[in-house]
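Visitor: So the protein sequences, as listed, match chains A and B.
Here the working numbering is used: the first sequence runs in plain steps of one and ends on residue 1483.
Here the working numbering is used: the second sequence runs in plain steps of one and ends on residue 347.
Because the hints were derived from the structure by calculation, they are not lab data.
Warning: the hint list may mix true and false statements.
Below, simulated SDA-like cross-link-like pairs (lysine to any residue); rule was C-alpha separation at most 25 Å, straight line [claimed, not checked]:
id: 1; chain 1: B; residue 1: K284; chain 2: A; residue 2: G1334
id: 2; chain 1: A; residue 1: K1471; chain 2: B; residue 2: S331
id: 3; chain 1: B; residue 1: K101; chain 2: B; residue 2: G79
id: 4; chain 1: B; residue 1: K25; chain 2: B; residue 2: A311
id: 5; chain 1: A; residue 1: K1414; chain 2: B; residue 2: R340
id: 6; chain 1: A; residue 1: K1471; chain 2: B; residue 2: L342
id: 7; chain 1: A; residue 1: K1327; chain 2: B; residue 2: G79
id: 8; chain 1: A; residue 1: K1327; chain 2: B; residue 2: L342
id: 9; chain 1: A; residue 1: K1471; chain 2: B; residue 2: F330
id: 10; chain 1: B; residue 1: K284; chain 2: A; residue 2: K1327
id: 11; chain 1: A; residue 1: K1440; chain 2: B; residue 2: K101
id: 12; chain 1: A; residue 1: K1440; chain 2: B; residue 2: Q289
What follows is a list of derived Cβ distance ranges for each label pair [said to hold, decoys possible]:
id: 13; chain 1: A; residue 1: S1425; chain 2: B; residue 2: D306; range: 30 to 36 Å
id: 14; chain 1: A; residue 1: N1470; chain 2: B; residue 2: G343; range: 25 to 31 Å
id: 15; chain 1: B; residue 1: G343; chain 2: A; residue 2: R1333; range: 15 to 21 Å
id: 16; chain 1: B; residue 1: E304; chain 2: A; residue 2: E1442; range: 21 to 27 Å
id: 17; chain 1: B; residue 1: I177; chain 2: A; residue 2: N1450; range: 55 to 61 Å
id: 18; chain 1: A; residue 1: S1425; chain 2: B; residue 2: E309; range: 52 to 58 Å
id: 19; chain 1: B; residue 1: D294; chain 2: A; residue 2: M1316; range: 27 to 33 Å
id: 20; chain 1: A; residue 1: A1426; chain 2: B; residue 2: K308; range: 41 to 47 Å
id: 21; chain 1: B; residue 1: G343; chain 2: A; residue 2: A1426; range: 24 to 30 Å
Ideal Cβ placement from N, Cα and C applies to all residues, glycine included.
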Amino acid sequence: MTALREGDIEMKLPSGARGRKFDDESHGLSHCMKAVDLIIELNDRILFVEIKDPEQPGAPGMRHEEFVCRFRSGEIDRELARKYRDSFLYEWAAQHLDKPVHYLVLVAISALDAAMLLARTDALKRELPFGGPANGTWTRRFADGCAVFNLTEWNKHMADFAVSRRGA
Amino acid sequence: MSLTAIQMERFTAFEKLKVNCSPGLNVFVGGNGTGKTHLMKTAYAACDITKSEVGFAEKLIRVFMPSNRALGRLVKRQKGSARGAAEVYRSQQKLRVSFSNHTTVPESATVTGAKMWRAKPIQSVYIPVKEMLSNAPGFRSLYAQREIHFEEVYADIVDRAYRPPLRGPIDHDRRTLLHVLQQHMEGKVTIKNDEFFLRSQQGNLEFPLLAEGIRKLGLLWLLIQNGTLLGGSVLFWDEPETNLNPRLFGALMEILLKLQRGGVQVFLATHDYVVLKELDLQRTQEDEITFHALYREEDTKELACHSVTAYSEIHPNAIAQTFSDLYDREVNRSLGSARR
């Protein structure tokens, strides 16, 4: 079983899943394109994963407060959408997108309850036009699904990709 | 002196239950039929009799309206003869009423502690779910003269709304609250010939022309402006969220928290997540909030209450569970087989 790490968070991958860090120095276009943290390829689909961890042990208090402020204002939704769009474009140009893509966002804030996660999932969907315009000119889907999780909900819904804190 | 506890024994839906009250804000949550309104009406009846000559048993009949005004119908239903009781506490003071399920008239009930209880009158308000101000003109006289099938809480709230303002200037805290409400209503409430109007930049708008949510804010404005809601008073509000746009919940909870800080004891019954979350987000360490979760015990099916001071500890929380179910279904739809 392999594992991917992003800051203090470690994600275990099931056998057969191929995962890589995407938002690192190998990206090469970080000056002009945003990037999701991880890309995981499965037999029948691709997962784009973004991890936000303002409660990372040792993180300054301001970082947490700033994130919560952006989260509540909806600013974070636009940033998450841009990361997905740029990553999708990057991978499309590299001819890596031959399967449906799902976008999973892990926000490691313990106070997020189901109502807030639902609201953020709906908001993210509004920022990402999955199926294109109503006139049906798109023949491919831009994304096949997205959802926002906290650590507990991630492990409940994505048990095969369990996450944990390295410091725990 | 605020209410400290409410206790029921074989009364309405309750077999046996005691709720210890916060002197600040009390929030009742729970599914339909878990007795939230019954607890508030009983406590309100106990408060209201201190301002009138009406007996506790008679007031319970008026606010609950059992069929044929038969007090015994308020005893929890069971086979054979039974006796029910309700008790309301203010520190060491206790007001108690008990009666059998055969009791038909209030005079047959046993009431104890009433003399001491009435010695210190309690100003109280009960805001029912249905808004009444738009129907207020003529309602009072109709209610006084005819047997119309309305619980007395509706007549009482209209009476409170018609009260003239107190003498003297309005203090700073009340002015602040009125200002917040005026901003959201975009006007002030006036009364002309028993009719309520919102005086705004558009002119005087009669209450039936206003959205019901705005009428609710108008009622709260009147109760603060006429001095009904002052420190030491008790406010009961059944489902304040009804017909109110969720955008206004934040302002409403801000006002209720401020009233509580000013010494008003508040009781709310709610089914709404936003109401609870606003209280959770806006509260300060000094605010005295107790959440009372009413539920049925799995084994006995009897009503029980779990009281906590933190939103995150509310259990069982039917509202949060509903969102949790919705979220799970949304994730299932969004991800499909992404989980493999």
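Visitor: Tell me the numbers of any earlier hints that the structure contravenes, in ascending order.
Guide: 1, 7, 10, 11, 12, 14, 16, 18, 19, 20
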